[in-house]
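Colleague: Given next are the chains, with one letter for each unit.
There are 2 protein chains.
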Amino acid sequence: MAKVLTSRKENYAQWYNDLVLKAGLAENSAVRGCMVIKPYGYAIWEKIQAQLDRMFKETGHENAYFPLFIPKSFFSKEADHVEGFAKECAVVTHYRLKNDEKGGVIVDPDAKLEEELIVRPTSETIIWNTYKNWIQSYRDLPILINQWANVVRWEMRTRLFLRTAEFLWQEGHTAHATRAEAIAETKQMIDVYATFAREHMAMPVIQGHKTENERFAGALDTLSIEAMMQDGKALQSGTSHFLGQNFAKAFDVKFADKTGKLEHVWATSWGVSTRLMGALIMAHSDDNGLVLPPKLAPIEVVIVPIYRNDEQYDTVCEKGEEIRKALLKKGISVKFDKRDTQKPGWKFAEYELKGVPLRLALGMRDIENGTIEVARRDTLTKEVMPMEGIEDVVDKLLVEIQDEIYNKALKFREDNIHYVDTWDEFVDTLENKGGFIMAHWDGTSETEQEIQTKTKASIRCIPFDNPQEEGKCVLTGKPSKERVIFAKAY
Amino acid sequence: MAKVLTSRKENYAQWYNDLVLKAGLAENSAVRGCMVIKPYGYAIWEKIQAQLDRMFKETGHENAYFPLFIPKSFFSKEADHVEGFAKECAVVTHYRLKNDEKGGVIVDPDAKLEEELIVRPTSETIIWNTYKNWIQSYRDLPILINQWANVVRWEMRTRLFLRTAEFLWQEGHTAHATRAEAIAETKQMIDVYATFAREHMAMPVIQGHKTENERFAGALDTLSIEAMMQDGKALQSGTSHFLGQNFAKAFDVKFADKTGKLEHVWATSWGVSTRLMGALIMAHSDDNGLVLPPKLAPIEVVIVPIYRNDEQYDTVCEKGEEIRKALLKKGISVKFDKRDTQKPGWKFAEYELKGVPLRLALGMRDIENGTIEVARRDTLTKEVMPMEGIEDVVDKLLVEIQDEIYNKALKFREDNIHYVDTWDEFVDTLENKGGFIMAHWDGTSETEQEIQTKTKASIRCIPFDNPQEEGKCVLTGKPSKERVIFAKAY
Numbered sequence: 007m008a009k010v011l012t013s014r015k016e017n018y019a020q021w022y023n024d025l026v027l028k029a030g031l032a033e034n035s036a037v038r039g040c041m042v043i044k045p046y047g048y049a050i051w052e053k054i055q056a057q058l059d060r061m062f063k064e065t066g067h068e069n070a071y072f073p074l075f076i077p078k079s080f081f082s083k084e085a086d087h088v089e090g091f092a093k094e095c096a097v098v099t100h101y102r103l104k105n106d107e108k109g110g111v112i113v114d115p116d117a118k119l120e121e122e123l124i125v126r127p128t129s130e131t132i133i134w135n136t137y138k139n140w141i142q143s144y145r146d147l148p149i150l151i152n153q154w155a156n157v158v159r160w161e162m163r164t165r166l167f168l169r170t171a172e173f174l175w176q177e178g179h180t181a182h183a184t185r186a187e188a189i190a191e192t193k194q195m196i197d198v199y200a201t202f203a204r205e206h207m208a209m210p211v212i213q214g215h216k217t218e219n220e221r222f223a224g225a226l227d228t229l230s231i232e233a234m235m236q237d238g239k240a241l242q243s244g245t246s247h248f249l250g251q252n253f254a255k256a257f258d259v260k261f262a263d264k265t266g267k268l269e270h271v272w273a274t275s276w277g278v279s280t281r282l283m284g285a286l287i288m289a290h291s292d293d294n295g296l297v298l299p300p301k302l303a304p305i306e307v308v309i310v311p312i313y314r315n316d317e318q319y320d321t322v323c324e325k326g327e328e329i330r331k332a333l334l335k336k337g338i339s340v341k342f343d344k345r346d347t348q349k350p351g352w353k354f355a356e357y358e359l360k361g362v363p364l365r366l367a368l369g370m371r372d373i374e375n376g377t378i379e380v381a382r383r384d385t386l387t388k389e390v391m392p393m394e395g396i397e398d399v400v401d402k403l404l405v406e407i408q409d410e411i412y413n414k415a416l417k418f419r420e421d422n423i424h425y426v427d428t429w430d431e432f433v434d435t436l437e438n439k440g441g442f443i444m445a446h447w448d449g450t451s452e453t454e455q456e457i458q459t460k461t462k463a464s465i466r467c468i469p470f471d472n473p474q475e476e477g478k479c480v481l482t483g484k485p486s487k488e489r490v491i492f493a494k495a496y
Numbered sequence: 007m008a009k010v011l012t013s014r015k016e017n018y019a020q021w022y023n024d025l026v027l028k029a030g031l032a033e034n035s036a037v038r039g040c041m042v043i044k045p046y047g048y049a050i051w052e053k054i055q056a057q058l059d060r061m062f063k064e065t066g067h068e069n070a071y072f073p074l075f076i077p078k079s080f081f082s083k084e085a086d087h088v089e090g091f092a093k094e095c096a097v098v099t100h101y102r103l104k105n106d107e108k109g110g111v112i113v114d115p116d117a118k119l120e121e122e123l124i125v126r127p128t129s130e131t132i133i134w135n136t137y138k139n140w141i142q143s144y145r146d147l148p149i150l151i152n153q154w155a156n157v158v159r160w161e162m163r164t165r166l167f168l169r170t171a172e173f174l175w176q177e178g179h180t181a182h183a184t185r186a187e188a189i190a191e192t193k194q195m196i197d198v199y200a201t202f203a204r205e206h207m208a209m210p211v212i213q214g215h216k217t218e219n220e221r222f223a224g225a226l227d228t229l230s231i232e233a234m235m236q237d238g239k240a241l242q243s244g245t246s247h248f249l250g251q252n253f254a255k256a257f258d259v260k261f262a263d264k265t266g267k268l269e270h271v272w273a274t275s276w277g278v279s280t281r282l283m284g285a286l287i288m289a290h291s292d293d294n295g296l297v298l299p300p301k302l303a304p305i306e307v308v309i310v311p312i313y314r315n316d317e318q319y320d321t322v323c324e325k326g327e328e329i330r331k332a333l334l335k336k337g338i339s340v341k342f343d344k345r346d347t348q349k350p351g352w353k354f355a356e357y358e359l360k361g362v363p364l365r366l367a368l369g370m371r372d373i374e375n376g377t378i379e380v381a382r383r384d385t386l387t388k389e390v391m392p393m394e395g396i397e398d399v400v401d402k403l404l405v406e407i408q409d410e411i412y413n414k415a416l417k418f419r420e421d422n423i424h425y426v427d428t429w430d431e432f433v434d435t436l437e438n439k440g441g442f443i444m445a446h447w448d449g450t451s452e453t454e455q456e457i458q459t460k461t462k463a464s465i466r467c468i469p470f471d472n473p474q475e476e477g478k479c480v481l482t483g484k485p486s487k488e489r490v491i492f493a494k495a496y
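Residue numbers (the working numbering), protein chains in the order written: chain A, 7 to 496; chain B, 7 to 496.
Hints may be right or wrong, so weigh each one.
[Said to hold, decoys possible] Below, in silico cross-link-like pairs of lysine-lysine (DSSO-like), each with a Cα-Cα straight-line distance of 27 Å or less:
1. 255/B to 108/A
2. 118/A to 108/B
3. 353/A to 138/B
4. 53/A to 63/B
5. 462/B to 15/B
6. 93/B to 63/A
7. 138/A to 360/B
8. 353/B to 104/A
9. 93/B to 104/A
10. 93/A to 138/A
11. 63/B to 63/A
12. 28/A to 264/B
13. 264/A to 349/B
14. 138/A to 118/B
15. 301/A to 53/B
16. 93/A to 63/B
17. 108/A to 118/B
18. 336/B to 301/B
19. 255/B to 104/A
20. 344/A to 264/B
Quick caveat, the hints were computed from the structure, so don't treat them as lab data.
Only a predicted model underlies this, so the values are computations on that prediction, with no experimental measurement involved.
Extracted from the complex, chain A is given alone in its bound form:
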């Protein structure tokens, strides 16, 4: 088979782009920066959504829907938020088109909005403006709401899934009576994201606090999960923000506590997006195509029949159909590719490209011997196995594959975390090894900024339960009490 992808070694960025296109996940659209998510890519996103939605509901959250548009003035209400968000946005200024003389359409100058509307880049402002009417007393709290929605941030340099002008996401917005409860919610949701990343995406993540520089605009604390991609770069995969009373103050949201005293409400927000698709792809895939963890694979097993003539086709298909049903009965999502228009070799390559975790090939000799060929996508190994009870073997194998994909990614990450104590080492490691660098930092935004300007590496997070140790800042030599994670990031 001719290779359809640029190899990772040759050009990692090109490999990623090739893979997204060739595996039929997404493509660029006619609108700058906006992508089309194709059916196979969307099917993976649906699996991500379904699992996260389950986890949100298990932790007591409900879904709701808030407007796409936000009045411009809302952004000015929270000072930090406007700085961070109201800049690169899609602005709606008119509400009507009209015909021109040439048979085209033009914007009707008479249909100018009094106040411009911003296509939501995130929904804190419109939601807190709504919560104001929902909250009077402590009895109305907590409010635990999530929204699945599209948002728009006018990015200049875009990459499929990783950074697009429009993207899909979920945003949780909760309101609480106490600071402690809001902090606990912030932590709970970053834990939900970490569990999801590990158990479903098979992707190890480090949880921690963002530095002040990297905090969400309007938050008192931002927690994140950080994953390592195969090029050693970090990908922030989810964030959970403790917003304090900032938005409650900006939108004047108060509640009467049990004693009747009025207090501002405490808030959190948290989100993950279609960026997770980028993380999933880059964490596991190889030069032959996607590698999907079984739990997020739209097709877990594909059966390919091997035959020379119509009679063989019928015989093999009959057996294949039996196996398909046995797998279905076990709750395994299986595709039996009986198409007579494509050769087995073409099918093998196609499902390899699409990352189907297991491939079963079934020919006449198998039927005579009572065997079947089982090929694993993650290891690219194959083995002839007894056909009898193959559904149980497949069931176990899928669990094994899920675990081994995780372990492989974990080992890769562990192998690429470097403890560094001097500036020369820092620069050399970044240049020649990549990965995550554990180094001391003097705790100032200036130093963080200077390191980033010099090396393009930023502080990804200060991990939870970070070991405390005396040290010296890798740039300034000033005293430090803990190492933080530096890395180049997506």
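Chain A is already provided as a structure; the job is to place chain B on it using the hints.
Modeller: Just chain B, lined up with the frame of chain A:
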């Protein structure tokens, strides 16, 4: 209990609005014409989505996602489409805000888009511009894709769920090699909608063809399902369009058939929206609140404990918990409202307002007698029943309620279909009886328009398998071969 709703008789429109607000389904937002869908309303929408999504997948469709924005020029490409759609739209003209001197934000005049972007009112144009790259040969067909998305149409007079500037919907967009296949798809999807309306919404619908006047902009034929609301007005609840080759020609989408000949592709599109929520509410609910068919009720059964003191509370709750588990085991969605902060009477009214199909009340006497009180929301009747095996009784009752809600709506509709042969009768029936009027029509758009101008009644549809009979147009007296359905409509 004080009535919380205006009665239907007093003011139907006000009753509807009261109900949507008081039952916690939706409310108006700070953005003109855009609604907030509240958790309880969204939970019903999620049930609608889940079932429709299942039915779309069973008929071979896949989901995908296309951009929110459409370049302005795309609308000019299909002549009828631009007339129908590109007028009342949200237009994005700029992509950046900047700070002004007063601490607010203004639109940055330097960030003007070269070509304005329209927030999608429907996605035919952007999708067919995409399909152009996906289709070369007959092997690439059919394409059977659906999208769940938000759309925006700048409506001047809005009503929650029924007509809002932004709404949620699904839009199917399919591409076919032959005219016959596209027509079959158009029909299949209106059948899916009709089945969904009947079996899940418990709402009878009439399927038929729209007249030319009422056709989708760019379609050769529009099929619809029409339901009768309790005020006798019609509500168009779903449409399926046969688009012919119009969009393929506008976007130059051709395929090579088996002989290598290039032909334009045939298209359909079909959609239902959050408008279905309005239909669901208006079809069944009463002056006490929502009446939900069990299949779409977020909570099918609520259990309310009745007690006088802590000891009784514990005893009743223990038994209630047993029943909850027994119902859950049957796959019934049940809420056990153990809250000690609200009285039973308050809870009864609350769940009546929210349309929970069955309420079980459980007190000390019930425990002594081995009984439980079962109250039906649809009939407002209650009955004391044996507690033993109550889960089986509930299971059967839910099926019965689903059926009876449908039958009640069907009877109401049958009672309000009037066969009318003269203009005086037509006007009199519309004014004094309402409902659907079966009348002859001469088949011209002019007459249809004149009738609508005179009476506000429009032709809802020409039903499938419509009996053919000789008659005279109710307005012009010209010859007609069949009756059509006239009604005032939402």
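Colleague: So which of those numbered hints doesn't the model satisfy?
Modeller: Structure breaks hints 6, 8, 14, 16.
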